[in-house]
Amino acid sequence: MITIQVQHLTKTYRHGPTAANDVTFDVEAGEVFGLLGPNGAGKTTVIGMLTGQIKPSSGQAVIAGHNVVSERNELKGQIGVVFEHQNLYERLSGRENLLFFAALVRASPSRADELLEQFGLHDRDRDAVNKYSRGMKQRLLLARAMLDDPPILFLDEPTSGLDPHIAQEVHDLIRRLRDEGKTILLATHYMEEASKLCQRVAILNRGKIIEIESPHRLMVENGRRALQIEIREGDTIRSIELPMAQAADEVQRLLREGRIVTMHSIEASLQEVFIKLTGEGSAR
Amino acid sequence: MNWHSVWALCKKDIADMSRNGIVVFLFLIPISLSWVYGTLLTSGGLKPPSVILFDEGTSAFADFVKHSGIFEIVAPPASWAEAQELVRRGEASGAILLPAGFDAALNSQHSPEIKLYLDASKRVASAVIQGGLPGLLRAYVGQDLPASIKTQQVRGIMARYADVPTWITIAILLAGINMVPTLLVEEKDKKTLDAILVTMTSKSEIVLGKCLMGFAMALIMALVILVLNQGFIGNLSSLFAVLALGAVAFVFTGLLIGSLAKNVQIGSMISSLVLLPLVIGSTMADISPAIGIVSRFLPSFYLLDGIERAMFLGSPLPALWLHLLVLALLGGLSFVGSVLVLRGRET
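From first to last, the protein sequence lines are chains U and F. The numbering of the first sequence is my numbering, which starts it at -19 and goes up by one. The numbering of the second sequence is my numbering, which starts it at 3 and goes up by one.
Keep in mind the hints are simulated off the structure, nothing from the lab. Check the hints yourself; a few may be wrong.
[Stated by the list, open to error] Straight-line Cα separation of at most 20 Å, EDC-like style, residue types lysine to aspartate or glutamate; simulated pairs:
no., chain 1, residue 1, chain 2, residue 2
1, U, 176, U, 193
2, F, 13, U, 143
3, F, 192, U, 193
4, F, 117, F, 74
5, F, 205, F, 191
6, F, 13, U, 252
7, F, 193, U, 76
8, F, 124, F, 87
9, U, 35, F, 93
10, F, 193, U, 70
11, F, 205, U, 193
12, F, 13, U, 93
13, F, 193, U, 8
14, F, 117, F, 191
15, F, 264, F, 165
16, U, 176, U, 230
17, F, 192, U, 54
18, F, 13, U, 76
19, U, 111, U, 54
20, F, 13, U, 105
21, F, 205, U, 8
22, F, 117, F, 57
23, U, 176, U, 8
24, F, 192, U, 64
25, F, 190, U, 70
26, F, 49, F, 93
27, F, 117, F, 87
28, U, 256, U, 215
29, F, 264, U, 64
30, F, 117, F, 196
31, F, 190, U, 64
[Claimed, not checked] With the C-beta cut set under 7 Å, the calculated list includes, among others, these residues of chain F facing chain U:
no., residue
32, 18
33, 192
34, 193
35, 200
[Claimed, not checked] Some chain U residues flagged as far from chain F (calculated, every beta-carbon gap over 12 Å):
no., residue
36, 54
37, 70
38, 98
39, 110
40, 176
Here a beta-carbon is modelled for each residue, glycine too, at the ideal position from N, C-alpha and C.
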């Protein structure tokens, strides 16, 4: 079942560039869908339009059966948003932050306590947020987005600027939400993150979608197809790379000679895919 | 309108602002200053003007003036020219020159000349010296006034609360124009407003929630100043109507500033630019007729004047219709402006 349906969505600012240009995609219920592109590609604008913060110039989007422009209030009950910035009330405690937003989304105070427990923040829930680490703040942002248990989550660069181990922590939380059946739209400029978490990704460049596919398929179709083989040469071990087309004969020969130590296929990284599709090298 | 959300916003702002040192400082300043100044005025009375009494001879009138207690006598320098120089330098409010043979001239009814040299920038002191000296002279020669003056004080203004309307006006302006914009601009600066706007909360609810907080802050400041300075006098229903409407009007004005400002720095700059003329214009309206006319174009004049009329003249509500109308118009226009600016923000 399609939960997010986006058709020809365009946003042109009065004195600025076209931030999103004819963006079209669908997201299935329970899917983690990635919006992948470098900074300034238009990811935040697309999320802004889908969450009712930015009015589209043209096109339309329907989320959980609600038009994002004409049925904005009905839409708000269906979505949770984690913003790119850690927009929390720093002088208030983690619990006070959640209690405030719980009041706004009509969730019970006990739901706030439940989420603090669930996201591992209950030990520090009375501390001011300005004493939290970046990872704790990110967990609190995810907990805030979950207050009214929305079926759809928008995550805008959820690991941007985080240390690798904290990013891993956030990835685990996103996987947990995916396993709970949430539909997640994840905007990121990290190729590795998208390939780890998303079933499909839309590659966005300069406001336009240039490809929508599963990360694996993108890598297979757009990457180099080759084998990497470690071979023995006397007392040393050397690594060679063979294009798939010429690999069969060469591998048989090396097997006969008993020189193969290890052998595996080389998969293109999403970065290589991005560069191939856009002809630009700005993605990480 | 969801009042549950409005109340939640107000409660959150109270908790947040109570931990903001600058806001707490701004909250306490007019309250503490009003109390300190009120106490000092009551306990010490008014300071007598400082005067140099330069006697070219040895007049007994000089001793009479010294012991009258009306002036604070500054030790005279060696010459009249030096005395004038001291006044020019601001070390005394005025100088009095008694010519040689002053007493003898008086006794022979030759009408001697007393010279007065006054610092005109010290308006109150100059008036006291000019008004006080003829009275002292008559008393010295034992001359009765041609008519008796029977003084009856009206409006009962005691030093304790004479300045209360000014302090209350400053407090309401500080709360509305200076503190309230911070409530909204910080939300924009830290992007927390975006998080509120993706919930069911409407822009009107956000504006009202913040107004409730600002209104409470302004009213608490005004009430504490009234309590500390025993200012519950005059027509209390008129006083509270002007206070309440004034607080609402300037809190909404503050919210309009907060809506327009892109960040905290710009917000502070606009607040200062708006606050200064409002404070100065309203508190200096009595100085001259011209300033009085200009002040009538400032809404803060109607707040201060309304409070003064309610407290000191006991004016009933109908007599303050113009004051209430100006404040209501300001509040209404600012509220509509804030909502429109916030609404335009999403596109």
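Status of the hints after comparison with the structure:
no. : hint          : in the structure
1   : U:176 - U:193 : holds (14 Å)
2   : F:13 - U:143  : violated (35 Å)
3   : F:192 - U:193 : violated (35 Å)
4   : F:117 - F:74  : holds (18 Å)
5   : F:205 - F:191 : holds (17 Å)
6   : F:13 - U:252  : violated (51 Å)
7   : F:193 - U:76  : holds (17 Å)
8   : F:124 - F:87  : holds (16 Å)
9   : U:35 - F:93   : violated (68 Å)
10  : F:193 - U:70  : holds (12 Å)
11  : F:205 - U:193 : violated (39 Å)
12  : F:13 - U:93   : holds (19 Å)
13  : F:193 - U:8   : violated (30 Å)
14  : F:117 - F:191 : violated (64 Å)
15  : F:264 - F:165 : violated (36 Å)
16  : U:176 - U:230 : violated (33 Å)
17  : F:192 - U:54  : violated (26 Å)
18  : F:13 - U:76   : holds (10 Å)
19  : U:111 - U:54  : violated (36 Å)
20  : F:13 - U:105  : holds (18 Å)
21  : F:205 - U:8   : violated (32 Å)
22  : F:117 - F:57  : holds (11 Å)
23  : U:176 - U:8   : holds (18 Å)
24  : F:192 - U:64  : holds (12 Å)
25  : F:190 - U:70  : holds (14 Å)
26  : F:49 - F:93   : holds (15 Å)
27  : F:117 - F:87  : holds (15 Å)
28  : U:256 - U:215 : violated (39 Å)
29  : F:264 - U:64  : holds (19 Å)
30  : F:117 - F:196 : violated (72 Å)
31  : F:190 - U:64  : holds (14 Å)
32  : 18            : holds (5 Å)
33  : 192           : holds (6 Å)
34  : 193           : holds (4 Å)
35  : 200           : holds (5 Å)
36  : 54            : violated (10 Å)
37  : 70            : violated (7 Å)
38  : 98            : holds (20 Å)
39  : 110           : violated (10 Å)
40  : 176           : holds (26 Å)
Of the numbered hints given earlier, the model fails hints 2, 3, 6, 9, 11, 13, 14, 15, 16, 17, 19, 21, 28, 30, 36, 37 and 39; all others are met.
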